[in-house]
Amino acid sequence: MNNVLTITNLGISFATDAGAVKAVDDVSLTVAPGEVLAIVGESGSGKTVTAKTILGLLPETATMNGAVILSSKDGSSESNIVSLTKQQLRQVRGTDVSMVFQEPSTALNPVYTVGWQIAEGIRAHGQFSKKEARVKAIEILGRVGIPDPETRVNYYPHQFSGGQKQRVVIAMALVLDPGLIVADEPTTALDVTVQAEILDLLRRVRDEFGTAIVLITHNMGVVADLADRVAVMFEGKVVEEAPAQKLFSSPQHEYTKKLLAAVPHVGQGIVRAAARAEARAPGWAEQTPVVEAKDLRIEYPGRLGRHGFTAVDGISFSIRPGEVLGLVGESGSGKTTTGRAIAGLTRVTGGSLKVLGHEMHGFKEREFKKFRSDIGFVFQDPASSFNPLLTIAECVAEPLVVHGRASNPGAARARVNELLEAVQLPRAYGDRYPHELSGGQRQRASLARSLALEPSLLIADEPTSALDVSVQARVLELFAELQREFGFAALFISHDLAVVDILADRIAVLYKGKLVEEGTGAEVLGAPKDPYTQRLLASLPVPDPAEQAQRREGLRKLRAAG
Amino acid sequence: MTSASTNRKRALAASAAFAAAALVLAGCSAGGSTGGDTKAGGPITIGTTDKVTTLDPAGSYDNGSFSVQNQVFPFLMNTPYGSPDVEPDIATKAEFTAPTEYTVTLKPGLKWANGNDLTSSDVKFSFDRQLKIAADNGPSSLLYNLASTAAPDDTTVVFTLKAANDQIFPQILSSPAGPIVDEESFSADALTPDDDIVEANAFAGQYVITSYDFNNLIGYKANKDYEGLLGAAETDVVRVKYYTEASNLKLDVQEGNIDVAFRSLSATDIEDLRGNDKVKVVDGPGGEIRYITFNFDTQPFGAKTADADPAKALAVRQAVANLVDREEIADQVYKGTYTPLFSFVPEGLTGATESLKGLYGDGEGAPDADKAKAVLEDAGVTTPVELNLQYNPDHYGPGSADEYALVKDQLEASGLFSVKLQSTEWVQYAKDRTTDAYPAYQLGWFPDYSDADNYLTPFFLEGGFLKNHYNNQEVNDLILKQGVTADPEERAKLIEEIQDKVAADLSTVPLLQGAQVAVTGKDVAGVEDTLDASFKFRYAALSKG
Amino acid sequence: MTSTSDLTVPRKPGLFSRLPVIHQLRQSVGLQRGMLVAGLVITGVFILTAIFAPLLAPYGFSQLRDESGRFGSQQPPSGEHLFGTTVGGYDVLSRVLWGAQTAIFVIVVAVVLSIFAGVVLGLVSGYFGGWLDRVLVVVSDAVYAFPSLLLAIVMSIVISGGRSDLIGGVLAAAISITVVFIPQYFRVIRAETVRIKAEAYVESARVLGASNSRIMFRHVLRNATRTLPLIFTLNASEAILTLAGLGFVGFGIEPTAAAEWGYDLNKALSDVTSGIWWTSLFPGLAIVLVVLGITLVGESLNDLADPRLRGRRRVAQASGLVAETSVVPGGTLVAGPGGLDGLESNATHPDTGLETRP
Amino acid sequence: MTTVATTPAVPAGRPAGRKSKPAGGGIGRYLLIRFLLIFPTIFILVSMVFWLMRATGDPITAALGGRLGPEQLAERIHAAGYDRPILVQYVEYLGQIFTGNFGTTISTNRPVSEVLLAYGVATAELAFYGLLVAFIVGIPLGMVAAYFRDKGQDALLRVFAILCYATPVFFSGLLFKLVFAVWLNVLPVAGRATTGSELEMQLLTNPTGLYTIDAIQVAFQAGNTDVLIDVLQHAVLPSLALGLLTAGVFLRLVRTNVIGTLGTDYVDAARSRGVSEFRLVSKHAYRPALIPIITVIGLQIALLLGGAVLTETTFEWKGLGFVLIEFIKARDYVAVQGIVALLAVIVALSNFIVDIIAAIIDPRVRY
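Protein chains in written order, with the UniProt record's numbering: chain A, 1 to 562; chain B, 1 to 545; chain C, 1 to 358; chain D, 1 to 367.
So that you can see chain A by itself, here it is in the shape it has in the complex (with noise of 0.2 Å):
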């Protein structure tokens, strides 16, 4: 049978600010029918615009060349893409390919029903009565595993949980039996249990449908999960591929070795951890820790009111001199609040939060402000977290002035450069503004400017989740590094268990606001006791297809027992 997408020799350029960008130079892949063809790459690599190109959804600033060949699934008619006309694009899109987004909260019209998003795109190709594409479209939700479609058809999108959403997406993406379905990063915004759930789907999709999937993705994890097939790119060309198996066990390219070398796995810290709590002077445990939480609790209160959230709902742990925390949770658990708290930017509605020997629950500003020197917070996204007016050596020295250790930034500058040479930036890099710079550059910045006043704790919430997988494994040995060096105390932030391996003496799991699971690496990891734990590790896919498919299998099974 014919491939259902070839492209051959396709190039694409923007224009941007800053000029003319090159996006896709010179790629050529093909699909076959019922295949699962992965691209993979960092931000810029231009995977996302080579996947809406197949759709021909790329905004009027691009300009491309080369071709791109859509068969329909019955291998009727053949068109390119590249010089279709608008008319023509429109019969193609939903019919030929159809396309999976990122975030289904925001690929789904608001103030329409699903049912009629759904009944929209049938009847954009054919003629069906309003009440035919009303049936195809609850038949579609049922299949997609929506419970009840018949009800569910007439939701608004924001009736939907997260994942329901993305299955409501595939669902119309689906509906007119497309050969090939484009899925962009589709579970990116989910969360790791719920992605699991998707991708179970999507590999039905491709079974039961025998529809092709290009699957466009950073995560080595969801790749050797779902793909037959994978090509790699990087800065806008292909430079390996391979199918998946053969990718995982001896890639080619330089590129791709990096990739997947940095890729954290779960178990890669339960060593070094164990050599860290060797390596204790005794007594250790006792000393007073740098946080104690006790029955603390965390509730915002409801507006005009209504009920307020608890997000944290009674959580004990304690963090000792020296140690690192990891603070394991998905979305809504309540671990950035935590960490709020513990920097005095949340008050603590209940129980009891003792930062640095202080009582954080009533805590009073001015009272707090001499502790603040003493703590360091390094934030999610590096491009917010900087003045973007002042250059990164004043946003640096920012504590030393604040804190009276310098008069000016500017004579805070030898101690700047040292810090910045400490995270690895050249000093001339102090004289830039952070737009300047790029994500993990911002983040060692942050790393910077937290340990300035070398707090005794440092509170990283999710800074690596912004990152794309190389830098991550850098700024996380640097991290480490850095934690060694000054030996500072830290809560370490992340939805990402394997993030939290590599750096963490502990790791505690928070779950809707509750401490499951608390203990080492080796005991939380190794051993889980608490079946959200259990389901939290099973649900990480791992980058190898071979383990993968055996963990997907456990998955099954503990999905089935609970």
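Hints may be right or wrong, so weigh each one.
As the list claims (entries may be wrong) - Covered stretches of chain B, as calculated for chain C (at least 3 residues, CB under 8 Å):
1) 234-247
2) 449-463
Stated by the list, open to error - In silico DSBU-like pairs for lysine-lysine, Cα to Cα no more than 35 Å straight-line:
3) K283/D <-> K73/A
4) K237/A <-> K257/A
5) K131/A <-> K283/D
6) K364/A <-> K354/A
7) K371/B <-> K357/B
8) K280/B <-> K224/B
9) K481/B <-> K132/B
10) K431/B <-> K132/B
11) K493/B <-> K481/B
12) K557/A <-> K257/A
13) K86/A <-> K197/C
14) K151/D <-> K283/D
15) K373/B <-> K280/B
16) K162/B <-> K493/B
17) K370/A <-> K197/C
18) K197/C <-> K512/A
19) K111/B <-> K304/B
20) K224/B <-> K522/B
21) K237/A <-> K151/D
22) K257/A <-> K86/A
23) K132/B <-> K357/B
24) K197/C <-> K364/A
25) K151/D <-> K86/A
26) K224/B <-> K51/B
27) K357/B <-> K304/B
28) K283/D <-> K130/A
29) K354/A <-> K197/C
30) K420/B <-> K357/B
31) K107/B <-> K501/B
32) K197/C <-> K294/A
33) K514/A <-> K197/C
34) K420/B <-> K371/B
35) K557/A <-> K246/A
36) K136/A <-> K283/D
37) K371/B <-> K522/B
38) K522/B <-> K467/B
39) K283/D <-> K364/A
40) K501/B <-> K522/B
By construction, these hints were calculated from the structure, which means they are not laboratory data. Beta carbons are placed, not taken as given, at the ideal position from N, Cα and C, and that holds for glycine.
Got chain A; can you put chains B, C and D on it based on the hints?
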């Protein structure tokens, strides 16, 4: 509030129904007259930019309201067409029966339009309530000389005055304080709402109001029962449309949407319409005057200034009088809708002179810069004299700004003056002018009654409303004297003498006299008859042929 | 990928090109640039006219005669008076040109005053929140609900007692416009402050223990006021309209004290019905043109500040470098990430959801 | 500040400073609070106007300052009580307002409630026509501009929008007058109807004051459509002048918001299903874009009423804005306060209604 007002509306509409039905009929029969013994032509529509404040005579003291009251309320004394002097209106005779007793005898059997009897009791009621209510915006202050009113029988009214032999009092009876109202329809101690008055049909003038849409449209119908001085109305149905924008009024009269436009078209519009053969422009004498007032305390060299010198101060005033070119202002700014005024009493009134014409300028009314220079030099005034001149842009019509810009230009062109012009919004202006804030300033005057006294007593008698610290005992005496001089000729002489004396002192420098200008369709007649020195525009005189 | 060693330092743009407006001008393309340029040209002409009015205008704004005598009123356009003369006998062209001066004076005073007051209030209110914030918001909403022209009328009476000499009149107009605008600036700055307050860099300063005043002035103020050039232009045009409206309803500036378009229009009202078009057409066109120019600039700035609205030119194939880093392109005024980032979103885990920020 | 769960991307262009609504539940309570907020707004406005008006002088000087001396004026002012301590007057006034008594106008001795009703209907009619023009012109053209984004048509429409907004009502009124009344002589430029029509409408047993409705009544009862035609003719130019002013704002708003929503994922998603470009604009982009537009329309009511002041003055349309200026000039405290209170109520109510409409359009805040 909704129901009350719709009820009122409904009643209004009901009372309007008759008139309007008549109207429609009249329209259908192509101007044919509809019954009755009135000499009625087709309905006439009049447009005006005047504003009514309230129909109740006790509550209004302004032109717009007074012009409505003139049509619908009876007066004891009134001015016949073509004359400024008062005669008994619904009375048969009016005279001083004692030095402080003015007795008026009503015509017998008078009726209000609603059927109530119009008796001396109504008259007593009207004046008593004026004094009793003394409304914020009312004209009660005109009745300064009235002590009490008595109605010994149905047709006799006796006014007891505070000062004897007041020759002005008959005039007052024709002023805004003079309309007689129905005691059965009006409240004795509070203002009566317009709609209640209309609903009660409490009218006895030449017309009655049949529909009343406040400041938008008033419908009048001739009052057959009117037996007064002015006679029956020429036209049965009159509608008055109220405009806010003079230019819209102009367009409508030009297009024939209305038959008469009276007060106040802009000078530009009138000039434009003079050249339009679809309409005719009718001019009549006007009672409105414009003048510059000098504050004797704060004007240059005034009594309270650092270099006070009465002679120099007078020289400054005289120089101004020598320099202003009234003709030019009347031409350029007002396009003839105002005419030069050379005295304090406007032309057309008994006793008016042209005192300033001979005294200042070239003697022919034109300015004379050399004379002004000489006056200043003789008094030892160093030139240019700095003069702060104030005017008000919103109370005396839109021409004020241009008028005073021109005055400034005229004064400065001679090199003798350096004028600082300033304008102030009316309320502040009215306050400031009496607190000595303005050395020289614009004022205007519209008469309460058409008698020379109204242009002299309030201005130049000590304690008048000008508050410009002018005080000339001779003038005071003369003003008081003319007020009690019964002989008309003797009185006219006194009035002339007063004008000459004040012209020498120059308490104010009169500039312009407003002409009454009405624009009518070609087929409208009778406007000439009512554009007289009574300054009362009577709809009854109009007819459409 | 980026590393400490291989990153080439992006060329720092010169100071000139980083100036507001200039920066945007360079950034703009196609029709957007056309609109911006048109706006800048009109605004430029307006400003130059204001500055050089004494040289450009054939006569003074209150001049009624020259050596050859009086101009006469309502003279049609002719050699001596290109735009004719007004009902008061002024030269229309001269008054239109001088009017630019008055307009710009009022704009500057009004906008500077309202920016100052609005920024201070908005900053304090947005930053501290609490009851003060609530009260200010309700008050500003209430003032905003009041038809601005009416408020301006009342204010101008209150402020100057209705005096309309140059200083009194202009200041009264400017201050009354200010009072009308303060709520608008207040809203914008407050909203920006509330937004910026939740930005990570402000939180980071709070974690450091920086004082409120330091955070407010060093971090919030400068970032919150980045949209001001935009509001400035949009409100400048409203200031002109309000000034003209005041002049039109009779609360304008005395004609011998200054030339003012709205006042002249008011005076021209009765001319129109007599077919005298020149007294109203030119001052009216002046208002429309200036507002058009300033609004064009304002809207273009708005478009350029908003990546969704900014247009980019198409590029020829194969030009430019392949994107290699996630450096956010664009200058300091860019509100959000533009360029490729819009397409190739990073692997972010927007941990929104229940992890709320207070 | 989002409070609960994943709030979908709020369509762009939400006016600054408006608090976002809580997603999900509590809509009734939310609306109640919004409703209660009307009262402080009115309170602030009437208080503001009270103090401002007292600072501008008194009605007696305004009416008689040119006829009476200061002593007589002072006497009358004293008799009327305007020289009492202002705080006493304020408390007294608040007491009146509290009991719903708006009083009687000082200058024309008419109940304020009657004035409000008589002129309010005229303003309402004008505002209705103005809004109608604004909707008919602004919204479709805004969508067209968004559709042709950055092309010639778009640029043309945008300049048109700016011109609409840049031309003061009184100038467009002057131009209309010049062109339609003086040169072409085709449309009336003053008043709400000719005298004849007004009289005919007064004949009705139930005149509403809304001339359009009255004229329709006349057409039904008397079979005379001339009145209706006359009334509509009179409405053309004023509603154009006022409507275009607002249409410019709407056009810009619709364009920006539709472009904003056109860039969202769900539009791309719809496009990827093969939905036509026209439908993308008219359905997918338009309706979510409508939510912020509706919100802004609420704010526009104030602008509309402000514009109505000038429109009413220019076109002889006897409505609230027009009399308000008259009353301000006359320093008629009572009338000004009454009208401002009504305006405040209208603006606050329309904002409130807009909130409800937005809630109806946006399913996220509905249940």
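Hints and how they fare:
Counting residues of the stretch 234-247 of chain B whose beta-carbon sits less than 8 Å from any beta-carbon of chain C gives 3, enough to reach three: the coverage restraint holds. Taking a C-beta to C-beta cut-off of 8 Å, the stretch 449-463 of chain B contributes 0 residues in contact with chain C, too few for the three needed, and the coverage statement is violated. Taken as a hint, the K283/D and K73/A pair is honoured in the structure, with Cα atoms around 29 Å apart against an allowance of 35 Å. Under the criterion of a C-alpha separation no larger than 35 Å, the hint pairing K237/A with K257/A is consistent with the structure, at around 16 Å.
For the suggested pair K131/A and K283/D, the alpha carbons sit about 20 Å apart, so the restraint of at most 35 Å is met. For the hint linking K364/A to K354/A, the alpha-carbon distance of about 13 Å falls within 35 Å, and the restraint holds. As the CA atoms of K371/B and K357/B are separated by approximately 13 Å, the hinted pair is consistent with the 35 Å bound. The straight-line distance between the Cα atoms of K280/B and K224/B is roughly 30 Å, inside the 35 Å bound, and the hint therefore holds.
Straight-line distance between C-alpha atoms of K481/B and K132/B comes to about 30 Å, which keeps the hinted pair within the 35 Å bound. For the hint pairing K431/B with K132/B, the CA-to-CA distance comes to about 26 Å; that is within 35 Å, so the pair holds. This hinted pair checks out: K493/B and K481/B have alpha carbons roughly 11 Å apart, not beyond 35 Å. In summary, the hint linking K557/A to K257/A is supported, as the alpha carbons are separated by about 33 Å, within the 35 Å threshold.
Between K86/A and K197/C, the direct Cα distance comes to roughly 44 Å. Violation of the 35 Å bound is thereby established for this hinted pair. With a CA separation close to 22 Å, the supplied pair K151/D and K283/D stays within the 35 Å bound. Pair hint K373/B plus K280/B does not hold up; C-alpha atoms about 44 Å apart against a cutoff of 35 Å. Restraint check for K162/B and K493/B: satisfied, since their Cα atoms lie roughly 25 Å apart, inside the 35 Å limit.
For the suggested pair K370/A and K197/C, the alpha carbons sit about 22 Å apart, so the restraint of at most 35 Å is met. Restraint check for K197/C and K512/A: satisfied, since their Cα atoms lie roughly 27 Å apart, inside the 35 Å limit. With a CA separation close to 59 Å, the supplied pair K111/B and K304/B exceeds the 35 Å bound. A hinted pair counts as satisfied when its Cα atoms are at most 35 Å apart, and K224/B with K522/B qualifies at roughly 27 Å.
This hinted pair checks out: K237/A and K151/D have alpha carbons roughly 33 Å apart, not beyond 35 Å. The suggested pairing of K257/A with K86/A is violated, with an alpha-carbon distance near 41 Å, which exceeds 35 Å. Taking the CA atoms of K132/B and K357/B, the gap is near 45 Å; set against the 35 Å cutoff, the hint is violated. Simply put, K197/C and K364/A have alpha-carbon atoms about 19 Å apart, close enough for the 35 Å limit, and the pair holds.
The suggested pairing of K151/D with K86/A holds, with an alpha-carbon distance near 17 Å, which does not exceed 35 Å. Distance hint between K224/B and K51/B is fulfilled; the C-alpha atoms sit about 27 Å from each other, no more than 35 Å. Proposed proximity of K357/B and K304/B is supported: the alpha carbons are some 30 Å apart, at most 35 Å. Only pairs whose Cα atoms come within 35 Å are accepted, and K283/D paired with K130/A is accepted, the gap being roughly 16 Å.
Note on K354/A and K197/C: the hinted pairing holds, with a Cα-Cα distance of about 26 Å set against a maximum of 35 Å. A hinted pair counts as satisfied when its Cα atoms are at most 35 Å apart, and K420/B with K357/B qualifies at roughly 27 Å. A threshold of 35 Å between alpha carbons decides the hint, and for K107/B with K501/B the separation of about 43 Å lies outside it, so the pair is violated. Distance restraint check for K197/C and K294/A: the Cα-Cα separation of roughly 30 Å lies within the 35 Å cut-off, and the hinted pair is therefore satisfied.
Taking the CA atoms of K514/A and K197/C, the gap is about 29 Å. The hint holds against a cut of 35 Å. As the CA atoms of K420/B and K371/B are separated by approximately 23 Å, the hinted pair is consistent with the 35 Å bound. At most 35 Å may separate the alpha-carbon atoms for a hinted pair to count; K557/A and K246/A meet this at roughly 28 Å. For the hint linking K136/A to K283/D, the alpha-carbon distance of about 21 Å falls within 35 Å, and the restraint holds.
The straight-line distance between the Cα atoms of K371/B and K522/B is roughly 48 Å, outside the 35 Å bound, and the hint therefore fails. A C-alpha spacing of about 47 Å is found between K522/B and K467/B, which places the hinted pair above 35 Å, so the restraint is violated. Of the pairs offered as hints, the one joining K283/D and K364/A is violated, with about 52 Å between alpha carbons and a cut-off of 35 Å exceeded. Distance hint between K501/B and K522/B is unfulfilled; the C-alpha atoms sit about 46 Å from each other, more than 35 Å.
In summary, the structure is inconsistent with hints 2, 13, 15, 19, 22, 23, 31, 37, 38, 39, 40 from the numbered list given earlier, while agreeing with the others.
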